[in-house]
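Protein chains in written order, with numbering that gives the first Met the number 0: chain W, 0 to 363; chain L, 0 to 258.
In case anyone wonders, no lab produced these hints; they're calculated from the structure.
Some clues are possibly wrong.
In silico lysine to aspartate or glutamate, EDC-like type, Cα no more than 20 Å apart, as pairs [unchecked claim]:
#, chain 1, residue 1, chain 2, residue 2
1, W, K12, L, D127
2, L, K3, L, D110
3, L, K201, L, D255
4, W, K264, L, D66
5, W, K19, L, D72
6, L, K121, W, E11
7, L, K227, L, D241
8, W, K19, L, D126
9, W, K264, W, E253
10, L, K52, W, E253
11, L, K205, L, E226
12, L, K71, W, E253
13, L, K52, L, D6
14, L, K75, W, D18
15, L, K71, W, D252
16, L, K201, L, D167
17, W, K12, L, D126
18, L, K75, L, E111
19, L, K121, L, D110
20, L, K121, W, D18
21, L, K121, L, D72
22, W, K23, W, E11
23, L, K52, W, D18
24, L, K52, L, D86
25, L, K69, W, E253
26, W, K23, L, D255
27, W, K12, L, D112
28, L, K52, L, D110
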Amino acid sequence: MTGRFTDLYDNEKEIFSYDKYLSKKAFFVVICILLSLVALGLEVSLGKADIGFIESYTIIWDHITGNIATDPVGAQKDLIVWNLRLPRAIGAFMVGLILAVGGAAMQSILKNPLADPYTTGMSSGAGLGAILWISLGFCLIPSLYGYNAIVINAFVFSMVPTLAIIAVSKYKQATPTTMILTGLGVMYTFSAVTSLLMLLADPEDHKTAYMWNIGSVGSITWDAIPFIFIATVIAMVFMTYMAKKINILAMNDESAVAIGVDAKKYRIAILVVVAITVALAVSFTGTIGFVGLLAPHLVRLFVGSDNRYLIPASAAFGGMLLLYSDCIAKEIGATGLPVGVITAAVGGPLFLYILFRHKNKIWE
Amino acid sequence: MHIKIDDIDFSYSNAPVLNDITLDLEGPQFVTILGPNGVGKSTLIHCINKVLKPTRGSVMVDEINIDDIKLKDMAKKIGYVPYASTDSFPLTVIDTVLMGRSPHSGWRSTDEDLNIVYNVLKMLHIDDLAMRSFNELSAGQHQKVMLARGLVQDPEILLLDEPTSNLDIKHQLEVTYILKDLARSHNLLVIMISHDINIASKFSDKIILLRGGTIFSIGTPQEVITEKNIKEVYGVESNIIDVDGHPHVILKRPCDESV
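For reference, chain W alone in the conformation it holds in the complex (with noise of 0.2 Å):
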């Protein structure tokens, strides 16, 4: 008894202007990216040494042919841009990228315009993991020192607020808002032991200890760039190929199960793979705020709120924003400008713009 409603009308001429509109959508999507294309070349051109924008793409171009220069001033060009400035730009977009599609993910399982990495805490995680270490010396891994110390605390307590989630859903029935609230406890509890934390560590100490909870790519290497790489992947592909679900999950439960969707299984599942995939982002940032939230806000307005879309435009808005938040703290603070200062300072009077001028209600 299947096909009751296949064969009535011919809907050839609305399925062909469907597809055209699903298509702008898709042209958004290309838009963001080759304008981070655009982006990576300003990255790499800005910094003490000259390095001209054009000359930016050559030189990357010709590392990759294998073409590198021979004489000196060439050979140290394509050192800064190769080893320093290259694994930086990739790093912010990546890291954009991801924190974005997290955003983009869990306002709409969520069903709250405010949820994001930064609210519910995963970012937070990784300021005071930073802090235990440069205060008190304490990793979760005591072989380690240094800089690897900071990012192994900071992966781990990035993953806490959601532990935190997951544990008060099993334990009681949580809704939605529940679940937020509990992230934003966790994400004040943290910003608390962060603040007196700052308190015990020596002022020299400051400074380090301020930008992993600002959040800066400054210290992204090529050593990093793997595992942000594939939190990357993982984000994309999975969010991709769950994006109807997604959908489905924003509206109620009951129609979600109505559906065939579990609504319960999949948001865990959902919130489980935002906290890894942001805590291997973060761990190598620190707290980076706004993007998150933003970024999904902002390309509302161009593809709306289907996840299909949602998600990638949000994934090429998200790393191109932090690719040139971070050229503006580069051009602006040549002693090292944590980035998240910009894209809370840009994205900030952005966002209220936008919210004022735009009639279309993007959410309720």
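Since the structure of chain W is already known, use the hints to place chain L on it.
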């Protein structure tokens, strides 16, 4: 299409909602569940489509215990139209309805899915709304979109939770007429929760009247809609008159008040 409910109970923590419900519904027909607020109407529907699990007893759909049917397979058999609500992140009408195809389609939506969605939108005369945002619509349009989403699941059984509650009289009649017509022309078993006794009486093949979590009366409108039943279940004095062969309730006053 056969739903067989065998002696189920349901309680939320310690508050019993349903007691000893036994019910057998088979074949295409239009069934209405009536009863006062909080009597367990939605709970009963949710026990049928696996949103809730009965604390005792069993529910069989087409002779299979629903415990043994996967959610996705349930969704192919039983469609559900929720009580009207808005979403936090509204999609367009077309994308909202397309979600109903989810149990049948994989990662991507196919042209076949789109074709079915447009067919149902056209059948309900809402194809002009396809590209509008779901939350911009009126209550009547909302309800039709939700109905469309339930229908594109291509179910044999359709459950509806107060589909006419927010609608004006014209839309109430229109939506109920569509449901009645679907049951007949598309061979569906339609089970609807309603608060409107007269509309239920006019259109239903069968009425289930609930009181205190149990089935108080079940049968044709003539059998169920009586002055005595209305008084005992709703606590309201009424006159029942006959309109075109259907009982029609004229409300008088609450029994226990000195009005």
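We went through each hint and held it up to the structure:
| no. | hint | verdict |
| --- | --- | --- |
| 1 | W/K12 with L/D127 | 13 Å, holds |
| 2 | L/K3 with L/D110 | 36 Å, violated |
| 3 | L/K201 with L/D255 | 28 Å, violated |
| 4 | W/K264 with L/D66 | 17 Å, holds |
| 5 | W/K19 with L/D72 | 32 Å, violated |
| 6 | L/K121 with W/E11 | 13 Å, holds |
| 7 | L/K227 with L/D241 | 16 Å, holds |
| 8 | W/K19 with L/D126 | 17 Å, holds |
| 9 | W/K264 with W/E253 | 13 Å, holds |
| 10 | L/K52 with W/E253 | 13 Å, holds |
| 11 | L/K205 with L/E226 | 18 Å, holds |
| 12 | L/K71 with W/E253 | 14 Å, holds |
| 13 | L/K52 with L/D6 | 13 Å, holds |
| 14 | L/K75 with W/D18 | 26 Å, violated |
| 15 | L/K71 with W/D252 | 14 Å, holds |
| 16 | L/K201 with L/D167 | 17 Å, holds |
| 17 | W/K12 with L/D126 | 12 Å, holds |
| 18 | L/K75 with L/E111 | 16 Å, holds |
| 19 | L/K121 with L/D110 | 16 Å, holds |
| 20 | L/K121 with W/D18 | 18 Å, holds |
| 21 | L/K121 with L/D72 | 26 Å, violated |
| 22 | W/K23 with W/E11 | 19 Å, holds |
| 23 | L/K52 with W/D18 | 40 Å, violated |
| 24 | L/K52 with L/D86 | 25 Å, violated |
| 25 | L/K69 with W/E253 | 15 Å, holds |
| 26 | W/K23 with L/D255 | 63 Å, violated |
| 27 | W/K12 with L/D112 | 15 Å, holds |
| 28 | L/K52 with L/D110 | 36 Å, violated |
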